[in-house]
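A.B. asks: Here is how the chains run, residue by residue.
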Amino acid sequence: MGETTTNIIMLSDLYQDIIVDHTRSPRNYGKLDCASHHAEGHNPLCGDQLELFLHVNDQGVIEDLSFTGSGCSISTASASLMTEALKGKTLKQAEALFEHFHALLTQENAEASEDLGKLIVFMGVKDYPSRVKCATLAWHTLQAALKRQAGLVSTE
Amino acid sequence: MFNIENIRKDFPILSEVINGKPLIYLDNAATTQKPQAVIDTLKHYYEHTNANVHRSVYTLSERATKEYEAARDKVQKYIHATHREEVIWVRGTTEAINLVAQSFLRPQLKAGDEILITAMEHHANIVPWQLVAEQTGAVIKVLPINDQGELILDELDNLLTSRTKLFAFTYISNAIGTINPVKWLIDKAHEKGIPVLVDGAQALPHVKINVQQLNCEFFACSAHKGYGPTGIGVLYGKKELLEKMPPYQGGGDMIRTVSFEKTTFAELPLKFEAGTPNIADAIGFGAAIDYLSQLDWKALMHYEHELFLMAKEALKEIPGLRIIGEAKDQASIISFVMDGAHPHDIGTIVDSYGVAIRASHHCAMPLMKRFCVPATARVSFSFYNTKEEIQVLLEALHGVKKVFGLP
Ligand SMILES: Cc1ncc(COP(=O)(O)O)c(C=O)c1O
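Protein chains in written order, with the working numbering: chain A, -13 to 142; chain B, 3 to 409.
What the hints contain is simulated information worked out from the structure, not anything from laboratory work.
Incorrect hints may have been included.
[Claimed, not checked] With the C-beta cut set under 7 Å, the calculated list includes, among others, these residues of chain A facing chain B:
no., residue
1, Met(-4)
2, Leu(-3)
3, Tyr1
4, Val6
5, Leu31
6, Cys32
7, Gly33
8, Cys58
9, Ser59
[Claimed, not checked] Reference listing, derived: stretches of chain B covered by chain A, where coverage requires no fewer than 3 residues with Cβ under 8 Å from a Cβ of chain A:
no., region
10, 62 to 69
11, 344 to 351
12, 368 to 379
For every residue, glycine included, the Cβ atom is placed at its ideal position computed from N, Cα and C.
Just need the whole structure built from these sequences, with the hints factored in.
C.D. replies: What follows is the structure, encoded as structure tokens:
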């Protein structure tokens, strides 16, 4: 018996092509040599682990950022797409973006804010509450890095 | 022989529809589903029996007390304890182990003493020992495992020393299904006079338990892993040890007399059962035992093992899929990882086919580390699963490959 279309529809909401693409070939993957900010994120339940590196200049612009680590598709793609989205943004813009992103994943009827761009592909995660943590791990790690919190952030 | 359709009818949740698909429940190592008999018993208790136990003279309370204590007798018989007061009600395996750590071990531990566990333990059989070790300066030692996920028995002799105060290990690994040579391990420890705690959480649904034959000092299990309710479990302990141990918690029901100067404690088992207990679920546990006892256990276990073998063979055929833990003696639990698909994604995708599996570290992070994986996907079978369900699992795993464009 073949699989029914409902599986495909539901799953393709979550695992959109862009997400699968970024899972298979994550962008900005690797360490930054002279990072001004750095933090580690950890999702103990599923073993997702990532390390984020940023170079923020004196004007408060994120000039470069990268990540390493291993995790599920959602957390890897989220980290990858986040690094793409934030390059060249000011810290203020980055913060606003995180707020919009978080709202997209957690709030009923959240309006998709324009600045989200490609990040809109994570909208499907809302229907999978247990996966919201995966999609936000990179962002929480970002916050930790920017606050220069030493050590580890955890989603638990 | 038994009729699988009839068995399935005993478990109402098995006709549940999940994401538009019939539920295929393959997370039995996390908790098992409950037969109608258990559900009815709980309902009946609250409708006809509910009262506090051991405290009053009126009829209803006596009825509740009688059923509650009858459940203890059922457990005693089921696990073959010598005395009924060797069966202590607890919340589950976790509480049972904490009780032994704090009441049995802590008073006698000195700095440098050793507690031996194994590399395949659930956090419930690691952390309580770490807590007492921190409190006393004792040290945790670990019996390692090989690449198949079996204990390296040759190392046992060196690890059981004159400083070892307890050997605590699991009967069956919840993460990779290994069935340990329990009797052999217990005898080895006893040769050196070392007491043993068996974590029987996964044993309850898979093997017939005989604590007298095992001759372990302590045995811990949870009703919910063996078709009973959550929130209730049992610590079995040898009477002469339990009698010497101080209470675990203080409160009502566990005392004989209280004055502000001195309290004398109740006899076993009540000494360890402070406060109003989980009466309904204890009785529900009894109902689960009644249910299991009227089944053809041998036939069921044979059938469950067939499901396991069939699934394992089929999983091995999937390119890029690697099974973690291939002990010679294995319960119906299979852990695996897949190239290009994280366990978490596997869990979400197969769920859309109605298939419930576990994707995590299975509360056994040191074990995951041993196999260099952050997590695994795990399927675990019960006798109410079917070969058709395994086919759907395989189809769902094929779906995982499709999502990620894997070969
Ligand atoms: C081997 C093992 N030990 C201990 C436990 C803890 O049991 P519980 O959570 O019921 O206390 C479990 C269950 O998760 C288990 O599988």
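A.B. asks: Checking C-beta pairs, does the region 62 to 69 of chain B have three or more residues closer than 8 Å to chain A?
C.D. replies: Our answer is that it is violated, as 0 residues pass the Cβ test (under 8 Å) against chain A, missing three.
A.B. asks: For the hint on Leu(-3) of chain A, does the least C-beta distance to chain B fall short of 7 Å?
C.D. replies: 5 Å, holds
A.B. asks: Go check the region 344 to 351 of chain B versus chain A for me, would you? Three or more residues, Cβ under 8 Å, otherwise it fails.
C.D. replies: holds (count 6)
A.B. asks: Under 7 Å is the threshold here; is the Cβ of Cys32 of chain A close enough to any Cβ of chain B for the hint to stand?
C.D. replies: Given a least distance of 4 Å, the restraint on Cys32 of chain A holds.
A.B. asks: For the hint on Gly33 of chain A, does the least C-beta distance to chain B fall short of 7 Å?
C.D. replies: 3 Å, holds
A.B. asks: Regarding the hint that Cys58 of chain A lies at the interface with chain B, is the smallest CB-CB distance below 7 Å?
C.D. replies: 4 Å, holds
A.B. asks: Identify whether the interface hint at Ser59 of chain A stands, where standing means a beta carbon of chain B within less than 7 Å of its own.
C.D. replies: At 5 Å from the nearest chain B Cβ, Ser59 of chain A passes the 7 Å test, so the hint holds.
A.B. asks: Have a go at the Met(-4) of chain A hint: is there a Cβ in chain B nearer than 7 Å to its own Cβ?
C.D. replies: Where the cut-off is 7 Å and the nearest Cβ of chain B is about 5 Å from Met(-4) of chain A, the hint holds.
A.B. asks: Verify the coverage statement for the region 368 to 379 of chain B against chain A, using a C-beta to C-beta distance below 8 Å and requiring 3 or more qualifying residues.
C.D. replies: Answer holds; 4 residues pass the 8 Å Cβ test.
A.B. asks: So, as I understand it, the hint says Leu31 of chain A touches chain B; can you test that by seeing if any CB pair is closer than 7 Å?
C.D. replies: 6 Å, holds
A.B. asks: Identify whether the interface hint at Tyr1 of chain A stands, where standing means a beta carbon of chain B within less than 7 Å of its own.
C.D. replies: Check passed: Cβ of Tyr1 of chain A comes within 5 Å of chain B, closer than 7 Å.
A.B. asks: Grab the minimum C-beta distance from Val6 of chain A to chain B and call the hint holds if it beats 7 Å, violated otherwise.
C.D. replies: 6 Å, holds
In summary, the one numbered hint that this structure violates is 10.
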